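Number of protein chains: 2
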Amino acid sequence: MDYLGAERKKAEFDVEDMKIVWAGSIHAHQLSDRISKLVANDPAFRKDDRTMLARKELFKNTLRKATYAWKLINELQLSEEEASKVRFYVDEPAFTDLHWGMFVPAIKGQGTDEQQKKWLSLSYKMKIIGCYAQTELGHGSNVQGLETTATFDPKTDEFIIDSPTLTSSKWWPGGLGKVSTHAVVYARLITGGQDYGVHGFIVQLRSLEDHNPLPGITVGDIGMKFGNGAYNTMDNGVLRFDHVRIPRDQMLMRVSQVTREGKFIESDVPRQLLYGTMVYVRKTIVMDASYALSKAVCIATRYSAVRRQFGSQNGGPETQVIDYKTQQSRLFPLLASAYAFRFVGEWLSWLYTDVTQRLQAKDYSTLPEAHACTAGLKSLTTTATADGIEECRKLCGGHGYLCTSGLPELYAVYVPACTYEGDNIVLMLQVARFLMKTVSQLGSGKQPVGTIAYMKRIEHLMQSHSDVQKPQDWLKPSSVLEAFEARAARMSVACAKNLSKFSNQEEGFAQLSADLVEAAVAHCQLIVVSKFIEKLQQDIPGNGVKQQLEVLSGVYSLFLLHKHQGDFLATGCITPKQASLANEQLRALYSKVRPNAISLVDSFNYTDHFLGSILGRYDGNVYPNLYEAAWKDPLNDSVVPDGYHDYIRPLLKQQLVPAKL
Amino acid sequence: MDYLGAERKKAEFDVEDMKIVWAGSIHAHQLSDRISKLVANDPAFRKDDRTMLARKELFKNTLRKATYAWKLINELQLSEEEASKVRFYVDEPAFTDLHWGMFVPAIKGQGTDEQQKKWLSLSYKMKIIGCYAQTELGHGSNVQGLETTATFDPKTDEFIIDSPTLTSSKWWPGGLGKVSTHAVVYARLITGGQDYGVHGFIVQLRSLEDHNPLPGITVGDIGMKFGNGAYNTMDNGVLRFDHVRIPRDQMLMRVSQVTREGKFIESDVPRQLLYGTMVYVRKTIVMDASYALSKAVCIATRYSAVRRQFGSQNGGPETQVIDYKTQQSRLFPLLASAYAFRFVGEWLSWLYTDVTQRLQAKDYSTLPEAHACTAGLKSLTTTATADGIEECRKLCGGHGYLCTSGLPELYAVYVPACTYEGDNIVLMLQVARFLMKTVSQLGSGKQPVGTIAYMKRIEHLMQSHSDVQKPQDWLKPSSVLEAFEARAARMSVACAKNLSKFSNQEEGFAQLSADLVEAAVAHCQLIVVSKFIEKLQQDIPGNGVKQQLEVLSGVYSLFLLHKHQGDFLATGCITPKQASLANEQLRALYSKVRPNAISLVDSFNYTDHFLGSILGRYDGNVYPNLYEAAWKDPLNDSVVPDGYHDYIRPLLKQQLVPAKL
Ligand SMILES: Cc1cc2nc3c(=O)[nH]c(=O)nc-3n(C[C@H](O)[C@H](O)[C@H](O)COP(=O)(O)OP(=O)(O)OC[C@H]3O[C@@H](n4cnc5c(N)ncnc54)[C@H](O)[C@@H]3O)c2cc1C
Ligand SMILES: Cc1cc2nc3c(=O)[nH]c(=O)nc-3n(C[C@H](O)[C@H](O)[C@H](O)COP(=O)(O)OP(=O)(O)OC[C@H]3O[C@@H](n4cnc5c(N)ncnc54)[C@H](O)[C@@H]3O)c2cc1C
Ligand SMILES: [Ca+2]
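As they're listed, the protein sequences go chains D and B. For the first sequence, my numbering assigns the number 467 to the initial residue and increments by one for each residue that follows. For the second sequence, my numbering assigns the number 467 to the initial residue and increments by one for each residue that follows.
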């Protein structure tokens, strides 16, 4: 029985068409649909017991799944695209993520042609398993401060990799702790007594015969992380080198090289080439944000339609909690954000292609902007997603706190995205630097490009007044854009003005950094708002689909405007009256979302397996399944718990013996 | 060695005196100090392995600790106050929390004298163990909608307790799943065919001989909850009744009774008496918020002084991350909040005494205000604390994600405080109702009292202008109070105006509920701000102690003002210029906090055991201890992991067999 059937009938758009929009194309939709079902229907990928497993069991189970998935990929002769979807829908962090997502790309990006030939062919067959060993106990954000050394020994034509201090121990790399046979290790290159900074080296860690660490290598897991299940399926590791020797040709030499004589030379391949990879990785993170947030929103939306509380009239059913405006005002902006992040992720795919093409044509002019924009979007979307998942959990009341809701694990597994690939605050400070540079160059003839192009109209934006007069005016994309542009521009300019009061710019930047981060956030929100609006300028087929997206775009921007109205008002971009009209329009939009809410989350096309939540079940049959699941907890193996005779009974019987328990 | 010694030398106040302020009195300080050390020094209370234990082991271990603590309490003949401190510092949720915190108070509050005599004497000796069984699978917030029935059978002078539907299953009560022998069960009282709503009943659940559930009772644990360790030490339970009979005198009959004949009568004891308990429980929750937040802040502050990243000059040490203004602007408001919540908790103790005295004098006039204010403060402080703990975790970068940081477990164990004892949004809506009532009665002669007394000056507050002209003006308590009062008053009045546009008030309240919650938050923030300021009007001994608290009070209010500047600006309470001056002053205050930060968290006087965090160690010796702890993970029991031969080796050797794994 479909307990949400009545909800589904209310939809004012074609869900099948929206599924295609969400997936990005018919092809992508069909692919996702096929692979997600393949995974969901295979009992080998069961995950509903994950949060109950102790670490060792959990980890062994992940090894089983990863190997099984690989076998499946080979047996079914899946393409690279299909294989990566299999890993995605298996939905369990594993060493394979780092092997495919970091080790292989690092070699592709930084290895010479010969190096690629040798190492990639081994990697593609998984004859070796690799990880990405950059972070150390003492250094994460500050990569240039890494302490591991790679000293060239011209006598033997080798590098000696060493961990000179405790804090130089590699710490965090995923897949390192128990699985990887190899790593790309980042270390300070020292040759001829000189330190040439941090470079990457391919280092074998474990014997390919018996998996024991090679001589001079100490390696292990760094221990439990946040949550049950969650990221504990991953063996984030610690690694120490005691003068480990590797051949010279295992330094990744695409960009710089060390000769047989120990001479350090920079190749003519520009360093900027490495930026391509970075844009690619960040694009993936933004897409992952939209997936994670959409999962949480799907769970909270369905459960909010199932859950009823208060408001029964004459003994009739109570009110679905999704009908409470407070619930809507917390939930619907997150639903809109999931779509917004999905579209900005799509746009980042375009940016990646654009950057790649320009790099090939040796056009580096857009790189600073691409760098700032991807850094900011990574930071913005991951922060919002982490907060959003947790809000979805709270929206489910007490039951959201149960692991069977899926939300605790989703949160715990997601949050490190705020930290890895750049701490979100550190990234926003980079955006702020770019903004300050842009402002300082205004009028210098250097034209702002891409997402910062609005700064060209700085004079207008500094003194424009919003033309909004009634709530509906806030539905006009031009009014929304103008307000967000003016706010971002004015906040940047205000920071620049304050900065100019300092004689020492660095000191000023440090003092004002909290304000600078706020300006950077304003800039990044503008990007997301504008990319959503641009998306709507495209042709979007399907009955009612575009209309729904227009509503969601409105929700996204007006929710942000309301949340940050202090920015808009302080900079005088809008009046208090206009702020209040925006809020009024926002309320009206929530009512438009309401009948479509369930179908808007159905459009994600997630299987119950992928969602992993009893509260989020497609059929809405929550209560009997919650009840059934409870009995599976190990504590329920026996009616009288282990420990009764030793602890509870003596307590009740007042027979506590003074001996140490 | 004390790696934070240099930091401690910077303090501009007397830490020992601040410890007394934090504890509340010399007596309280000495008590906490003594008991926390007693617990910390007893290896039986070790908890550093907690996040690694599987559920059964974890739970058995909790039983062991709880029983051991009880033995200790008896052997050392500890007072009730001391005993509760022991439980507090053992720092592990257990059935005892519910026994002492809910079961006993429920009987005290709702039982007749005879009932108290009988059941409390059993409870005080723990000859029975009780829990509080209110929430059901289908009803939490809406207590009046509970479905469990207690039908009086005049033939046998018994109540028949029954779970007529699946959703009527009791679900969530702590201590119920595996331990409790008894419960206070809330059920609909039915007698003479009529439903008299929800009342409490004492029901025995398990045999006192062999702990088996009594006939007609199905009971078990509801399964894993958020996080490792955390609240999984608690057996939140599910409970079903199949026509279970209890004697009539097990209905809690202080306020209403059922006679031998089955007649329902309300006693002359006013229902309001129950409010006293509620104020008491909420006071405890607010105090717990300050403890939880202060633990997180202590960890993040110490680690931020240990952690260095970037900014090394000429090979010198890098910058302590606590010196970054972004770090300060995230951390110091939380430090200030911990103190703010501590003082508002202290004030709630006074309120509790006041309410109790008034109840005895049959003065119910302040009850609505006390009800609204405690509901709002519970909601405000628990939401801020949950968010704050997580922010502290992020402030620790990658290492905050490790369980050895203590922060993941602290978060996971804390967050349900946002949900239990009233969902935080539902509570804020109650505050909003009270505010709307107050506004509607303005001018009616009914004088607003207590925390809402500022509404008496509504005419002034509606049109006042802040007199702030320079940053330092924001240090004047009167300016701060005036701004917060004006903001709260104007937001309430704006809501009331919008409400009046609806012909149906209930409909209007529902439509505007998101705005109403914002007004309620503004009111509650004002309470915290004003109680902090009132605290500073007291005599506070100790070198520099008061000065530090003044700085923190400033940080707390100006941080809120900055965060919510949209409210202040939209209501015209302050100008954009004044908002910017506040921000400027806030920055200056951060610099004042900086040298005192470590000592301000030392003042919490937490043992390393209680903190449970390697990052937060008193001695700051973080790295060697992180490194050592890693090796204790079960995954490191063997160098080559379990699963190598089955999964990793076949993968590497390309020897995957097509058979199902
Ligand atoms: C689950 C997980 C998986 C990971 N996987 C890998 C992996 O596979 N390989 C790998 O090499 N690494 C990995 N990492 C490490 C990760 O990349 C780092 O944790 C990350 O770069 C953050 O660095 P940090 O931990 O040193 O944070 P820190 O830099 O120590 O941050 C601490 C605090 O200082 C602040 N701060 C730091 N610098 C500044 C500044 N200049 N200005 C203002 N504030 C500042 C930060 O905002 C933060 O609040 C992983 C981490 C996690 C949590
Ligand atoms: C760890 C833990 C321990 C607990 N211990 C106990 C215990 O010992 N004994 C016991 O009896 N219970 C216990 N509980 C249950 C707890 O009291 C309830 O979970 C709590 O009251 C919230 O109710 P709910 O779960 O029904 O949430 P719901 O009411 O279902 O909330 C779901 C959503 O609906 C919204 N909502 C609900 N009503 C309204 C409304 N009128 N207007 C607007 N929005 C609304 C909420 O804001 C929330 O977003 C415990 C719960 C937890 C998580
Ligand atoms: Ca506790």
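I should point out that these hints are in silico values taken from the structure, not numbers from a laboratory. Remember, predicted model here, so these are calculated numbers, not experimental data. Among the clues, some could well be false.
A pair holds if it fits inside one copy or across any two, identical chains being indistinguishable in the list.
[What the hints assert, rightly or not] Taking lysine-lysine pairs in the DSSO-like style, the calculated list, with each CA pair at most 30 Å apart, reads: (1) Lys583 / Lys1119; (2) Lys967 / Lys1058; (3) Lys503 / Lys593; (4) Lys584 / Lys1119; (5) Lys574 / Lys591; (6) Lys513 / Lys574; (7) Lys475 / Lys1012; (8) Lys942 / Lys1029; (9) Lys591 / Lys828; (10) Lys537 / Lys1119; (11) Lys537 / Lys574.
Now the hints, each set against the structure:
1. Taking the shortest Cα distances, Lys583 and Lys1119 sit within 30 Å of each other only across copies (20 Å), while inside one copy they are farther apart (74 Å).
2. For the identical chains of this complex, Lys967 and Lys1058 are inter-copy neighbours only, at 21 Å across copies versus 48 Å inside a copy, given an alpha-carbon limit of 30 Å.
3. Taking the closest pair of Cα atoms, Lys503 and Lys593 come within 30 Å of each other only inside a single copy of the chain (29 Å); across copies the shortest separation is 54 Å, beyond that limit.
4. Taking the closest pair of Cα atoms, Lys584 and Lys1119 come within 30 Å of each other only across two copies (17 Å); inside a single copy the shortest separation is 72 Å, beyond that limit.
5. Within a single copy, Lys574 and Lys591 get their C-alpha atoms as close as 15 Å, which meets the 30 Å cut-off; across copies the closest is 70 Å, which misses it.
6. In the homo-oligomer, the alpha carbons of Lys513 and Lys574 never lie at most 30 Å apart, since the shortest distance is 33 Å inside one protomer and 45 Å across protomers.
7. In this assembly of identical chains, the alpha carbons of Lys475 and Lys1012 lie at most 30 Å apart only when taken from the same copy (19 Å versus 63 Å across copies).
8. When the C-alpha separation of Lys942 and Lys1029 is checked against a cutoff of 30 Å, the pair qualifies both within a copy, at 19 Å, and between copies, at 28 Å.
9. Taking the shortest alpha-carbon separations for Lys591 and Lys828, neither the intra-copy value of 33 Å nor the inter-copy value of 81 Å comes in at or below 30 Å.
10. In this assembly of identical chains, the alpha carbons of Lys537 and Lys1119 lie at most 30 Å apart only when taken from different copies (13 Å versus 58 Å within one copy).
11. In this assembly of identical chains, Lys537 and Lys574 lie within 30 Å of each other by CA distance solely inside one copy; the values are 24 Å within and 64 Å between copies.
Consistency note: the structure conflicts with the earlier hints numbered 6, 9.
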